[in-house]
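Given only the sequences and the hints, what does the whole structure look like? Please build it.
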Amino acid sequence: MNRLNSLVSANHTVAAASRPARAIGRMKPQRDLPQCVMSPQHYERNYEYPLLVWLHDAGGDERELKKIMPLVSLRNYVSLAVRGPSPWQHGFEWPETADAILSAEARVDEAVAQARQRFNIHRQRIFIAGAGEGGTMALRLALRRPDRYAGGVSIGGCFPAGNSPLARLSQIRRSRLLVMHCRDSVTYSVDKVCDELALFHAAGMSVTLRQYPCGDELTTQMLHDLDHWLMEQVTGVATAEQPEAVQPSEWN
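FYI, the numbering used here numbers position 26 of the sequence shown as 26, with every residue one higher than the one before it.
Quick caveat, the hints were computed from the structure, so don't treat them as lab data. Wrong hints could be hidden among the right ones.
[Unchecked claim] Below are the SDA-like pairs computed for lysine to any residue, each with C-alpha atoms no more than 20 Å apart in a straight line:
1. K192 <-> R174
2. K67 <-> S39
3. K66 <-> H90
4. K192 <-> T208
5. K67 <-> T219
6. K192 <-> Q211
7. K66 <-> D225
8. K192 <-> G215
9. K66 <-> G204
10. K66 <-> H42
11. K67 <-> E217
12. K67 <-> H224
13. K66 <-> Q211
14. K67 <-> Q221
15. K192 <-> D216
16. K192 <-> K66
17. K66 <-> Q41
18. K66 <-> S39
19. K192 <-> G162
20. K66 <-> P40
21. K192 <-> G204
22. K67 <-> D225
23. K66 <-> L33
24. K66 <-> M38
25. K192 <-> L166
26. K67 <-> D216
27. K67 <-> Q41
28. K192 <-> A161
29. K192 <-> A203
[Unchecked claim] What follows is a list of derived Cβ distance ranges for each label pair:
30. V190 <-> L166: 41 to 51 Å
31. N46 <-> L199: 35 to 45 Å
32. G236 <-> S39: 18 to 28 Å
33. L209 <-> Q124: 19 to 29 Å
Computed from a predicted model, the values in this text were never measured in an experiment. Glycine included, C-beta positions come from ideal geometry on N, C-alpha and C.
What follows is the structure in structure tokens.
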């Protein structure tokens with residue numbers, strides 16, 4: 001299983017990434033919001049594409065999208081990543097405080113709105129995913145806005161706690177969630193996963209859980225499986241193996 005040992009060290013040239021992060025006002029548009037956006041290869045203007053929103057782990061930034069998407073798919077999605085609201089070590093993070101959650105939500109909302117102005121995006125096929133701390137925030141935002149997101153994915157990030165992640169329980173029971181767990185994680189233990197499974201069962205939620213034989217790391221298999229799961233949600237067809245790429249004309 002190939003491992004991506006350092007996502008944040010990749011040297012990519014992304015114009016938006018050189019702009020300094022600023023505090024986000026709740027209603028003020030951020031035209032210089034630090035973000036990275038990737039269009040699919042052979043983009044077809046008349047087709048409504050799925051949108052994949054990616055949230056980096058603590059210490060990362062929006063530029064890691066350039067390393068992630070070639071291992072997910074360069075053809076199936078419009079994709080974007082935004083920078084976490086708080087500096088942390090050599091990158092940025094997604095704190096779980098009430099103010100930071102509002103800031104994260106505002107950043108992602110603004111980036112999605114800008115992407116929809118540039119690309120033809122299916123409004124019911126917007127997915128949000130992330131790694132580690134970004135995965136926890138991805139699940140939180142998917143649960144806060146089940147009307148906006150078709151699904152949420154966390155790779156190596158625990159289920160959000162505090163600030164009422166299940167406040168919209170009657171609606172989020174229909175949410176499609178994927179949790180990828182690293183079996184040998186030192187930050188997200190198997191016991192924690194078991195506690196979360198009990199919570200999902202008690203809440204009547206449907207969550208797909210997959211476990212991988214690795215420590216706290218992001219692997220190419222995880223990203224392959226992410227593409228597989230996303231395309232199952234898009235097409236409504238579960239298959240044993242996902243083709244390398246799906247042409248827009250083949251989607252429902």
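Q: Take a quick look at whether K66 and S39 sit within 20 Å of each other, Cα to Cα.
A: 11 Å, holds
(Q) Between the alpha carbons of K66 and G204, is the straight-line distance 20 Å or under? (A) The given pair, whose Cα atoms are some 37 Å apart, is violated under the 20 Å limit.
(Q) Need the status of pair K192, G204: alpha-carbon distance at most 20 Å? (A) Roughly 18 Å separates the two Cα atoms, so the pair holds.
Q. Given the hinted pair K192 and K66, is their alpha-carbon gap at most 20 Å?
A. 31 Å, violated
Q. Is K192 within 20 Å of R174, Cα to Cα?
A. At roughly 23 Å apart (the allowed maximum being 20 Å), R174 and K192 break the hint.
(Q) Tell me if the straight-line CA distance from K192 to T208 falls inside 20 Å. (A) With a Cα-Cα distance of about 16 Å, the restraint between K192 and T208 holds, given a limit of 20 Å.
**Q.** Distance restraint evaluation - L209, Q124, Cβ atoms, bounds 19 to 29 Å
**A.** For Q124 against L209, whose Cβ atoms are near 24 Å apart, the range 19 to 29 Å holds.
Q. Going straight from one Cα to the other, do K192 and G162 come out at no more than 20 Å?
A. 15 Å, holds
Q) Are the Cα atoms of K192 and G215 separated by 20 Å or less? A) 15 Å, holds
Q.
Tell me if the straight-line CA distance from K66 to H42 falls inside 20 Å.
A. Given pair K66, H42 holds - Cα atoms ~17 Å apart, limit 20 Å.
Q | Straight-line alpha-carbon gap K192 to A203, limit 20 Å | A | Holds: K192 and A203 sit about 17 Å apart, inside 20 Å.
Q: Measure nothing beyond the straight line between the CA atoms of K67 and D225; if it is 20 Å or shorter, mark the hint as holding.
A: Cα-Cα ~16 Å, so holds.
Hint check: violations occur at hints 1, 9, 13, 16 and 30; the rest are consistent with the structure.
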